[in-house]
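Chains as they are written, first to last, in our numbering: chain A, 1 to 275; chain B, 1 to 271; chain C, 1 to 301.
Any given hint could be a false lead.
List of simulated lysine-lysine pairs, DSS-like, C-alpha gap at most 25 Å [stated by the list, open to error]:
1. A:Lys25 x B:Lys117
2. C:Lys193 x C:Lys295
3. B:Lys141 x B:Lys117
4. C:Lys193 x A:Lys273
5. C:Lys193 x A:Lys167
6. B:Lys141 x A:Lys17
7. B:Lys179 x B:Lys141
8. B:Lys141 x A:Lys20
9. B:Lys141 x A:Lys25
10. B:Lys6 x B:Lys58
11. C:Lys295 x A:Lys25
12. A:Lys20 x B:Lys117
13. A:Lys19 x B:Lys117
14. B:Lys117 x B:Lys58
15. A:Lys167 x C:Lys295
16. A:Lys17 x B:Lys117
17. B:Lys6 x B:Lys19
18. B:Lys210 x B:Lys179
No wet-lab data here; the hints were simulated from the structure.
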Amino acid sequence: MSATATASELDLLLGRKWKKPPFIKRPWLRWGLIVGAGIYLALAISSVPVNWARVYEGLERGAAFIAAFTSPDFVSRWNDIYHGMMESLIMTVAASVVGILISIPIGLGAARNIAPLPVYMICRGIVAVSRALQEIIVAILLVAIFGFGPLAGFLTLSFASIGFMSKLLAEDIESMDRVQAEAIKATGASWLQWINYGVQPQVMPRLVGLSMYRLDINFRESAILGLVGAGGIGATLNTAFDRYEFDTAAAILILIIGTVMALEYLSGIIRAKVQ
Amino acid sequence: MLRLEKLTKTYPTGDQALKAVDLEVPAGQVLALIGPSGAGKSTLIRCINRLVEPTSGKVWLGDQEITRLGSGALRRARRRMGMIFQEYALVERLTVMENVLSGRLGYVGFWRSFLRKYPQADIDEAFRLLDRVGLLEMADKRADELSGGQRQRVGICRALIQDPALLLVDEPTASLDPKTSRQIMRLICELCAERGLAAIINIHDVALAKLFVQRVVGLRFGAIEFDGPPEALTPDVLTQIYGEEDWEQTIEDVPDEEDEEEEAEAEEAAR
Amino acid sequence: MAIISLPDGRRTWRRFTPSQQVIRWFAYLIGIAAFVWCWNRISEATTWFFVWDAPRIAGDILTRAMPPRWSYMENLWVPIWDTINIATLGTIAALMMAVPVAFMAARNTTPQMNVSQKVFRLIPPFMRPWLLTSTGEDSYSIGLIRPLALLVIVSTRSINSLIWALLLTAIIGPGVFAGIIAIAIRSIGFCAKLLYEAIEEIDHGQVEAITATGASRWQVMAYGIVPQIMPAFAGISVFRWDINIRESTVLGLVGAGGIGLQLSSSLNVLAWPQVALILLVILAAVVISEWVSAKVRGAII
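Next up, chain A with everything else stripped away, as it sits in the complex (with noise of 0.2 Å):
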């Protein structure tokens, strides 16, 4: 060991300051970043109109709702609250069942192991349609086109599934194993017969607990459809807070609230299940 070298060297260090490295090296790309930071977020917070004696009232306000989560009102609206979570529910259901439907095949053209280039180019496209376009702009131009009601919201939540769905089943196709799949087309199987012993028992579990998962979302974006009269407990909800009922509102979301943990819960037990 070059023992004077290394003294030296420790020799420089003793008795200078310490700083740890910073995260970015290139001193002015850091500060450029930072001062950019800074300005951005001093504008940002400048430009956002603040009413503070509008935001004072409503603390008031916010605390009646606080409060009315301690005395939730089910009853007085009880026919809308009932109506409202059945659509929800039966809108949820359906839509769950036909985008699951759907996106199975599209799922599976969009998997690059598995789908010829061209098929596998359209349903990506599907995908990024269906993802880009949020579920409630679909869902007004649906009620533009349809009309008011829960055909609307049927359509916007199975087209959102579609796009959901696809997309992750497509990846974990993708990312499955390619030796077990080979195995069985060595065995002389025809492409479905491919699909059924060799792509589906490894993708199940996981399309399972997407579906459950997917049945989940449904339900809390079909709480908000009804806000552009695409049916569901949307309505209700809106009309009660427009009316400032926060008693029944405060139902209202512990309903959903309720219902979102049931669901978990399931899809908890469900998934433990299939694996």
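Starting from the known structure of chain A, arrange chains B and C on it as the hints suggest.
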């Protein structure tokens, strides 16, 4: 300097990991703790600094009784016990220097440590230690960029910068190749001698332990089966600790490859 | 899977036993019946005359919407700026609240203390899951801290940001501020859930090593835990920001600021060329934010 009195640990599952262990370690003594997996070696050293709470018994460090300390006093007591881990346990996303300085956490306040504003004396000591273990030029590398042997050296620096009186060493070589294992063991023992530290070293490798330590303690089912100098480790004793096996090979003195390793170290340093 | 004896005495292999088979068919039957029933209910609530007319209406809207009214763009720059601010400031606010919630929800960091077996037995068994969360041997999180943190996570997560916006416009009045808070509240649960899962997965050895140096509780947090969850934290932030850009584009529909306000007013007056332009802008925003988030996440990981 360290004295264990009837130290007992019973896990909630009912497993008795330690059965009333009595042990005394004088200042400056390096002790190897051997025994089969599950004999309670890890539990024993973790009970000393109370990473695992002992069920009953006493731990005396100097004239202080560790098991009765409240959390503040326990933290101050832990500063006097450096610990070195099997899987190095470096904070992987921090730099080597930060890992070494983290040994001073017990001495500096939260904001100083959070802002990395350590006293100059700590920084100098960290550089000296890194230089001592040959990692000075790695100071600003991230810990996960280092090899296993290098990481363990950083772990040693972190323990030593605490300025401890006692080192608790948990399987320091279990994740290392045989050659690096020897280098690390030698380094630990040299540093203990330099600084007059006592050490308890948990180790699987009996042959390696015999090379470096002054005293061997054998643990089996949470009780001490053997306590003596390394020369007294006969096949009979090993059978008593570990169970039936042909021990002749392990007992044979392994020639020390001092020179060869010295060369290799020089090469490594040159790189 | 079963070996089955056929009526003629031969034995054969079937994937399911006959009783399994019956149950499966029954399950399918129930599933189909449920779907048919749901579909009937939807169908009853639908005016089919409009549906048969839909292709014509769709074509009609499309011809009216084309070409988009490009000149309207000058009215959109400010709403776009607002939309980005809602998403960004909302995400920042959410993260500030999500971090403590996540630390309170994670088993290994939730405030905890040792409970001796004696005290443990004093608490009635049905109360234990609510009051005590096992965080190691003899050590439990005490009181309602963890359950409350989990409740915050589930309740903020299950309610869509549009509903939060609806609520907040009712409480503090319409505007960008309501939008920011709506986005922030909705994101707390999402970020806190992912973050607390990351905290529960950290390497305990590193925490132990920092504890052994005599570090205080906060120092263990800063040195042993925070560095380990930093990558997850950065990933979650950017991921949620991307989602929030999408969500903030429509908050204006309920009056909570951003480009959705223009969308809503254009829809009200059936100004389809403006609607077309706004939809194109939203689409572009979504694509760009997804690209940015993918880039940033790639740079971090």
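Which numbered hints are broken by the structure, listed smallest first?
Structure breaks hint 14 only.
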